[in-house]
Structure formats: structure tokens, C-alpha cells
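On the provided structure of chain U, position chain B as indicated by the hints.
For the record, the sequence lines run as chains U and B. Per numbering that gives the first Met the number 0, residue 0 is the first one in the first sequence, and the count goes up by one each step. Per numbering that gives the first Met the number 0, residue 0 is the first one in the second sequence, and the count goes up by one each step.
Rather than coming from a laboratory, the hints here were simulated on the basis of the structure. Treat the hints with caution; some may be incorrect.
Some chain U residues well away from chain B (every beta-carbon gap over 10 Å; in silico) [claimed, not checked]: (1) GLU20; (2) GLY21; (3) ARG28; (4) GLU52; (5) SER60; (6) GLY61; (7) GLU92; (8) ALA104; (9) PRO105; (10) GLU114; (11) ARG116; (12) PHE119; (13) LEU133.
Covered, in the sense of this in silico footprint (three residues per stretch, anywhere, with C-beta under 8 Å from a C-beta of chain B), are these stretches of chain U [unchecked claim]: (14) 0–12; (15) 68–75.
Only part of the chain B face toward chain U is listed, based on derived beta-carbon distances under 7 Å [said to hold, decoys possible]: (16) PHE123; (17) LYS124; (18) TYR129; (19) SER132; (20) GLY140; (21) SER143; (22) ARG148; (23) TRP193; (24) ALA244.
Just so it is clear, the structure is predicted and the values come from calculations on it, not from any experiment. Each residue gets a CB set at the ideal place from its N, CA and C atoms; glycine is no exception.
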Amino acid sequence: MPGHLPSTMLTQDSDSRPYWEGLRQGELRIQRCDSCAKAVFYPRAICPHCFAEKPSWIVASGKGTIYAYTVAHQAFGRFAEDVPFVVILVELEEGVRMLSRLLDAPRERVRVGAEVRVTFEKVEEDLTLPYFRLLE
Amino acid sequence: MTQRRAAIVGVAESDLGRTPDKTVLQLQQQAARAALADAGLGFGDVDALFCAGGWAWAPNLMLAEYLGIRPKYTDSTNIGGSSFEAHIGHAVAGIEAGLFEVALITYGSTQRSDRSRGHGSYTFKLTEQYEPSFGLPTPVGAYSLAATRHMYEYGTTSEQLAEVAVATRAWAAMNEKAMMREPITIADVLNSRWVAEPLHLLDCCLVTDGGGAVVVTTAERAKNTRKAPVWVLGHGEAHTHNTIANMPDLATHQAAVASGQAAFAMAGLTPAEIDVAEIYDSFTITVLMTLEALGFCGRGEGGAFVSGQRTAPGGPFPMNTNGGGLSYCHPGMYGIFLLIEATRQLRGECGPRQVAGARIALAHGTGGVLSSGATVILGKD
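For reference, chain U alone in the conformation it holds in the complex (with noise of 0.2 Å):
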């Protein structure tokens, strides 16, 4: 298991906290904007590609492919003790980036355009995170 921040660190809102819930319940939640119907994330209450206000919450398919990555040698605090670890950029089928780890992936199969699937671990009693695998 990945070192993590505690949720105490995480300052939930209004405009995150149907994310974070969506996590706990197994959904990787992202938002559709019901004007031009393109997806957005992290979520807000505008949409920042044709600036109508409330995007729509949309359960993502969960799989994409790897946009860019890197392996982390050298880290800070929790993370010290994972290192190397693979941090990549995916690029989901909905058209959204989201930062997060790959797991369990020999360092020779890690490449952009790799195709992942989201993996959700509960790291706390109310917090669980989004991360990805290989999809076989």
C-alpha cells in the first residue's frame, strides 16, 4: 500500500465532496458539462471550456491511457519509504486528466499510451483514493 496524506490534510468542500464520496463507494466521479458536453475535472462549478455554471457529476468508465509519467526517486515525508514508485498523468476515455499512482507495474511495461484501469484502496476509515493498473 502507497504512503498517503491523512483526510485531515484534505480539505473537502462543496465542490469535491460528491468526488470524495464516490471513492468510498467505489466510483471514479467526474463532471459533464450539459452545454457543450465536455467532461471536467478536478470538479467546480463552472465549466472552464465554455463557462456554464454546474456541470453535471458523471461516474467515469475508469479506464484511459497513461498521457505522461515519471518514477519518483526521491520523495518527500509519507511517500519517503515508497520510493521508486511510478506517479503517471492518465488521460481518461471521457477526455480528462487526473494525476495519480500505477501499481504493480514492471518498470519495462511503464510507456505513454499504456492502458490502465482505475483500482480503488481504502487507505482510511473515510478515505479512499483513486489509483491505476496495467490493464491486461
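Coordinates of chain B only, in the frame set by chain U:
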């Protein structure tokens, strides 16, 4: 040359490197005093204050009170390391509008002595809450993601990134204020330990203390300052994102594209007319992406552009002539040092590292995680 709107008339650093006995206020006092003396001015002449930093709730209020000045114009724009290039643009606009006459721009940091990086008991809120759970070391990890994408799209290599570090170190060898002056080779860079793949330790800037100051004034007052004025010919600024997941295209420094286009258009100049370039080098990849964005080479051609030590002393493209953030100093937000070195090059004050005949210089700051860009083009009479 285009119209003379305002000029840089004073520049200075504070003590650099490791300054455990100095506060950020002392460093800025020291740099500001020296920059004003460089201009032949004093604290009593300052009527506008520009600074950026996370060391106080309202840094301008604290610094102005500490110095005993009462500015009638103030600006604490903070867009990361590029803030000071943005301040130049704001200062020139304010001077042109007749709002003030003598602008003091300062920066100071004791980050090396503080070892202030790291999470501590910080609380991540608002749009910061989604990314830190994954442990990406920042900012280096975000630049590593961009480097991976640049390599994927354009075939950029680690050797090409290393060219920047090697050339920059060769300039540092000629700057007695530089922290790292021993020559290095491409093999040294490639053999240095990984920080975050594909960036090695020697692809990364230093972590130092230090401060700097720049004085900008009107064309009229610049006639009577101590040294020849360095004219602000063009400036531009832009920012595109804050979190790395929201960067529109990780292989393109879009903020620099926008700021560079604005600055060149204002100056009526082209990249080919720049004699010396001071390009923010938080990491080697930052430089490659900035050179492409500013139009010194085509998209994806940054690696080839810096190969063969083209940016080193004696090469066709003198760049980061003080030794840069990679080898000279990097106290967190490095942008003010780009302006100091560009000014000194145009004045001919750089001794062994002087670029012969330099008449037009460019300083480009990058802030955040390739989030902001601000470009300043300077020239002399």
C-alpha cells in the same frame, strides 16, 4: 530602437548561497540598498514597490514598513518564479501611465537555511486537494512528466537535456558568485542519481538562499542615473494552469508562447535579433521547452538546438551566462536574477563571461509547474 518608455537603472543581488543568519527582510534590504546605489538613487526616491513571496500574509505591507517606505503604488503579483518579469511589465505600464517614477522590485528567500520544502502539517484545500495524495515530488515531478511527454512526442533524449546543464556550468565557472563552478560532462549528468525519471540530479536547479532587486524608472529620470539605462523594449505575461493535470499540452510551454509573442511584437524584434538570452532553468527540460515556445527553434527542436554545446561560452547562442538556476543560485523564485544578469550583460559589466557586443537581451521567467511565463526584452542605446 522603439520608443523609450522606462528603463532598468539599478540591479543587485544580496548575499547568496547559504545565509543562515539572515532573514528574508534583511536579504531584501541588502539587495534593494545595493540596487538603488547602483542607480544613484536612495530609498527616499522609491514610490512604487513590487515583490512576491510566500513569507508573509501581505508581503508588500511587511516589507515597506520594515524599509520605512510608503509607496503610492504597490504590486505583489505572484505567479511563481516568473513574477519579476511580470513586475517589469506592470512597472513600465504604471510609469507610462504617470502613476509613479521609481519602482523597486525585490525578492528574498532563505529556503536553503529553512529547508522549507516538504509538507509538514500543511492542509491542502480548494483545488490543491486532488493531487498531493499520490506523492509526486513537486515541482520536479511535474517537470519530469512534461519531460516524458516531450521525449514521447519529439524523441528528445537525456543527452540533449544534459547539454543544457553542461553548458550552464561552463558559464558558472566564469562567475565568482556561482555556487557550483567545477566543470561537468554529459556523462556526469547522466550518471548523477535519478530524482524523478527522466530527470537526474544535475538536470535540477540548486536550492539556495538569496535575494535580488531591480530599479525601474522613467526615461526622463534615467538621463541622470549613475549608469547607462537599459531600456525595456517589450514585455508579455501569461498563465495557463495551476495543477499539472490541467496543463493543456505537457509538451508545449503555452504560457511562454503567449508571453514571448507579446514581448517580441511590442519590441518589434524577432528571436534572431537577441544577442544574449537568460532563460529560467528550474530544470533542463524547462529550457528546451522555453526555447521552442519563444521561437528560437521549432516545436520539438529544442534538443537539437542545444546540442553540441551551442549555448556554452563561445557558442552561437549565449544563454544563462551567470550559470543559471542550475549552477549559480536558485532561491525558490529565480526570475529576478534573470533580469539582473541581462542588465549587466547589456552594460558590459560581466568580465570574463561578457558576451561581446551584446545590445539586445531577453529574460524569460517560468513559474509554477510550467504554469506561467513572462518575457522581457531589453536593449541599450
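Hint check:
no. : hint   : result
1   : GLU20  : holds (14 Å)
2   : GLY21  : holds (13 Å)
3   : ARG28  : holds (12 Å)
4   : GLU52  : holds (17 Å)
5   : SER60  : holds (18 Å)
6   : GLY61  : holds (16 Å)
7   : GLU92  : holds (16 Å)
8   : ALA104 : holds (13 Å)
9   : PRO105 : holds (14 Å)
10  : GLU114 : holds (15 Å)
11  : ARG116 : holds (16 Å)
12  : PHE119 : holds (13 Å)
13  : LEU133 : holds (16 Å)
14  : 0–12   : holds (count 10)
15  : 68–75  : holds (count 8)
16  : PHE123 : holds (5 Å)
17  : LYS124 : holds (4 Å)
18  : TYR129 : holds (5 Å)
19  : SER132 : holds (5 Å)
20  : GLY140 : holds (5 Å)
21  : SER143 : holds (4 Å)
22  : ARG148 : holds (4 Å)
23  : TRP193 : holds (4 Å)
24  : ALA244 : holds (5 Å)
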